[in-house]
Amino acid sequence: MVRLKNRYLLVNILYPGLDNKNVDNKNVDPKIPDVVVFNQPTTDSLTTHALVKGIKTEVSNLFGDHGAGAIAESIVVKYLSPATSTFILRVSRAQYRLVWAALSFMTILPIKNGKSCVFRVVRVSGTIRKAEEEAIQRARQLILKARREMAEQGDSTLDNMFGKADYGGDSMKDTLMVDREDSDEEDEDLSDGD
Amino acid sequence: MLYDLNVPWSPTTPSTDLQRTVSFLSSLGYQTLALNHLITGHLPPQITNPIPSEPPFSVSSTTTLLRRCTLKLADPTQNHRLPALSSVYDILALRPTTEKAYLAACQTLTEHSIISLDLTVRYPFHFKPKPLMTAVNAGIRIEICYTQGVLGDGNARRNFISNCMAIFRATKGRGLILSSEAKNVLGVRAPADVVNLMAVWGLGRERGEEGLGVNPRGVVVNEGIKRSSFRGVVDVVYGGERAVEVPKAKAKTVQSGIGKKGKRERDDKDIADGTPTVSKRQQKKMRLEALKAGKESSSPSKESTPMGDSTELSEGASTMIPEANAPSTIKAQANG
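Just so you know, the sequences run in chain order R and U. Read left to right, the first sequence gives residues 1 to 194 (full-length UniProt numbering). Read left to right, the second sequence gives residues 1 to 336 (full-length UniProt numbering).
Rather than coming from a laboratory, the hints here were simulated on the basis of the structure. Incorrect hints may have been included.
To be verified - Straight-line distance between alpha carbons at most 27 Å, and here's what the computed DSSO-like set of lysine-lysine pairs gives: (1) K280(U) x K295(U); (2) K115(R) x K183(U); (3) K100(U) x K130(U); (4) K112(R) x K183(U); (5) K172(U) x K72(U); (6) K285(U) x K295(U).
Start from the sequences, fold in the hints, and give me the full structure.
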């Protein structure tokens, strides 16, 4: 029988919204760099179950019963980390664009009194391993970036001595080529055992 | 470089909201942003640019902010003073609301560089390939603002998708610009998400990437050249090193005559040096004439010419001597 081909979407939840200005002014230090605010942790009340339900609702909103039926079989949240606001979603390869489009249309967390947020797909890959690697790498980069922004506020000495280093974040290609084809042959020898 | 040429701005926009939007856009990888001022109705008699050139908040060093104006156009026969408008802003876009205005924006008007349609309404006409491609071939780009679809209600979303598909079909994806027009920061999406969204509705991925990178870059560069260069054709890319001293007259002429820059500059230099403006050919002619005159005057007394020759010879000899005694030769002799 032919193997089921899947895609793994690595998704970040970002919080760009200015919510409840009163709360903001009291609790949030204005010195916190924007990168940290955008990538703040998600509440623990977001479960994988709620997430899948929310995505399914949005897909059926956008693509109707046909879309909802097409993804119902394959969609699974493989990994959810509220601390880094990251999750990995498995979808069948034929329908991953539908799910991705639905994610682009979601503006609030699919829970009760959900915060407004933006879902950003940062990587599409054929194997879950590649998605995991990317998640770890991104988390590391994020910490570095946050540190750097804090340092920039205090005018880092090293930068003064050696000139501004080019921390050029993501190049244009990296930002756009989210769904480069990772061959899913790679995990074949791993999954052969079962 | 990624571009988002439509970040809505109005005099009442709170700067905290704008700062959030700009900061979020630049953290998503967009590097050139254009603050967009939407003008509806009649233009004021004095056209000024209300967008501050320096925003009241700090922007990351890699981000460029431009100032753009979008004019809502209903009747193309009215005089909208487009040239005056475009000279005040960095980019000029038109938003036609009627078929007449749409056709005029595609075919006859030339001052703008972007046609930005409001895609959330249903238009009583079809988007046909001919007018759209005339515009694209003339260098005008069609803008698609995805936030209209993302944040709109059901009806707006439906219209947006149908209009998008019609435009993709008519242009085959050529000459499009994808931008946000995010009135709320929640409407902003990452570049890859935008490209995917458009891919779902029938715009190829390469075309989508063009719409975020190559096409808006073309608009920005063209508009820049239109404003800075001579008739949009010739521009000074690198003017070369200049002398430190700049006389006052020079600065004045540079401002007044851009077209004849080279000639003016040369004249000024001559004046600055204090030397008379005589070309080499002129000098040679004058020398020859002087020689001729000298010969004519000296022809009656023939003795003077050999005298002149002999002096020349002696001069040559005298020049020979110091050459022989040049320090290097003396040294060589001493060494030898």
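Determine which of the earlier numbered hints do not hold for this structure and return their numbers in increasing order. Of the numbered hints, all hold.
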